[in-house]
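S.K.: Sequence:
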Amino acid sequence: MTINVQEWTEIKYIILLAIIFLLGGCGNEPSQEVMIENLNMPAGLEKLQNDYESGEFRSRIFEYERQFSQNSYHGDIDSDRQEEYKEGEVNVLVSASHSTAYVREGEVLPADVYTGAIAHLLQDYANVHIIFSTQQGEDGNYVYGGSYKETIGEIIGKLEIDLVIDLHGAVRDRNFDVDIGTGGGMTVRDEWVALLKSALADNGIHSVYENHTFAATHEGTVTNYTYENFNTEALQLEINRNLRDPTEDLEGFYQLVKSLLIFVENVEVEED
Numbered sequence: 001m002t003i004n005v006q007e008w009t010e011i012k013y014i015i016l017l018a019i020i021f022l023l024g025g026c027g028n029e030p031s032q033e034v035m036i037e038n039l040n041m042p043a044g045l046e047k048l049q050n051d052y053e054s055g056e057f058r059s060r061i062f063e064y065e066r067q068f069s070q071n072s073y074h075g076d077i078d079s080d081r082q083e084e085y086k087e088g089e090v091n092v093l094v095s096a097s098h099s100t101a102y103v104r105e106g107e108v109l110p111a112d113v114y115t116g117a118i119a120h121l122l123q124d125y126a127n128v129h130i131i132f133s134t135q136q137g138e139d140g141n142y143v144y145g146g147s148y149k150e151t152i153g154e155i156i157g158k159l160e161i162d163l164v165i166d167l168h169g170a171v172r173d174r175n176f177d178v179d180i181g182t183g184g185g186m187t188v189r190d191e192w193v194a195l196l197k198s199a200l201a202d203n204g205i206h207s208v209y210e211n212h213t214f215a216a217t218h219e220g221t222v223t224n225y226t227y228e229n230f231n232t233e234a235l236q237l238e239i240n241r242n243l244r245d246p247t248e249d250l251e252g253f254y255q256l257v258k259s260l261l262i263f264v265e266n267v268e269v270e271e272d
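The numbering of the sequence shown is the numbering used here, which starts it at 1 and goes up by one.
Since the hints were derived computationally from the structure, they do not count as laboratory data. A couple of the hints might just be wrong.
[To be verified] Restraint-style ranges between C-beta atoms, simulated for each label pair:
#, residue 1, residue 2, range
1, Glu87, Ser147, 17 to 25 Å
2, Arg66, Glu251, 18 to 26 Å
3, Ala43, Tyr85, 19 to 27 Å
4, Ile77, Asn175, 35 to 43 Å
5, Ser147, Glu268, 17 to 25 Å
6, Glu150, Val108, 21 to 29 Å
7, Tyr144, Glu89, 28 to 36 Å
8, Glu251, Asp173, 19 to 27 Å
9, Met186, Ser147, 22 to 30 Å
[Unchecked claim] Calculated lysine-lysine pairs in the DSBU-like style (CA-CA distance at most 35 Å, straight line):
#, residue 1, residue 2
10, Lys86, Lys47
11, Lys86, Lys158
12, Lys158, Lys47
Remember, it's a predicted structure, so these values are computed and weren't measured experimentally. Ideal placement from N, C-alpha and C gives every residue a C-beta, glycine not left out.
Can you build the whole structure from these sequences, using the hints too?
M.R.: Printed below as a string of structure tokens:
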């Protein structure tokens, strides 16, 4: 069969569209991002790798999580405040608003386990600022305002914060590794989402969605509230329990922390 020039041009065009579709993904399908080249490798990456190999990384996870898991994840019931803030140097604030159990509309809901530990690990290796719940109390990711968000506002007013990352946990049967909530693309720039997806994919975490199940559109979410009230970019990360359980998959947990470390190191704002 002979194919003329016009037919061959049409065939090449169809092939090109197919390649674009496969590389770029569509709608809420898992990301198939092309890797972003020339990323800055974090100063803390070598230490993270050495700690993982030596067993220190595993020890730190459980040491940090102990403060949240005490009293059946009610946290430090004797604490004077429901949240605590620890200052870093990088212009990223990592939040673990559900690091302990919390109360939503009168119902006590379980903690998003190990999100508090992840926040502390990111401070160790990336020197980010962190905020986390210390004890059971109001749902800082649901109520409009509240002490948790007031503290975030105070931090943003005091320090230069370019991005807030609010960590959360999804149950094992969710069909994703990570769901990135951006309020439908409103609360954070597209290039940072692409950067995060690429960092995750480069470390073997490929089932990554954006606004799939948890879009952070509710006005009480840390992400939406931060963007709307403090004019600071923010995103919500819903992380599957399969990646958040170092007792069952320490390697996956390590790759998650490594991905987030690389991501925050490369979050940059161009100066005007």
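S.K.: So the hint says 35 to 43 Å: do the beta-carbon atoms of Ile77 and Asn175 match that?
M.R.: Holds - the Cβ-Cβ distance for Ile77 and Asn175, about 36 Å, lies within 35 to 43 Å.
S.K.: Does Lys158 pair with Lys47 here, judged by a C-alpha cut-off of 35 Å?
M.R.: Answer holds: Lys158 to Lys47 is near 30 Å, not above 35 Å.
S.K.: Is the distance from the Cβ of Met186 to the Cβ of Ser147 consistent with 22 to 30 Å?
M.R.: Between Met186 and Ser147, where Cβ atoms are some 25 Å apart, the hint holds.
S.K.: Can you let me know if the beta-carbon spacing of Ser147 and Glu268 is within 17 to 25 Å?
M.R.: The hinted range 17 to 25 Å is violated for Ser147 and Glu268, with Cβ atoms some 31 Å apart.
S.K.: For the hint 19 to 27 Å, verify it against the beta carbon of Glu251 and that of Asp173.
M.R.: Roughly 21 Å apart at Cβ, these two residues keep to the hinted range, so it holds.
S.K.: Could you check the hint for me, namely that Ala43 and Tyr85 are 19 to 27 Å apart, CB to CB?
M.R.: For Ala43 and Tyr85 the Cβ distance comes to about 23 Å; the hint holds.
S.K.: If you check the beta carbons of Tyr144 and Glu89, does the distance land in 28 to 36 Å?
M.R.: holds (31 Å)
S.K.: Taking 21 to 29 Å as the stated bounds, is the beta-carbon spacing between Glu150 and Val108 within them?
M.R.: holds (22 Å)
S.K.: If you check the beta carbons of Arg66 and Glu251, does the distance land in 18 to 26 Å?
M.R.: Since Arg66 and Glu251 have Cβ atoms about 22 Å apart, the given range 18 to 26 Å holds.
S.K.: With a cut-off of 35 Å on the C-alpha distance, tell me whether Lys86 and Lys47 pass.
M.R.: holds (21 Å)
S.K.: Using the C-beta atoms of Glu87 and Ser147, is the stated range 17 to 25 Å upheld?
M.R.: Because 18 Å falls inside the window, the suggested range holds.
S.K.: CA of Lys86 to CA of Lys158, is that 35 Å or under?
M.R.: holds (13 Å)
Of the hints listed earlier, the one the structure fails to meet is number 5.
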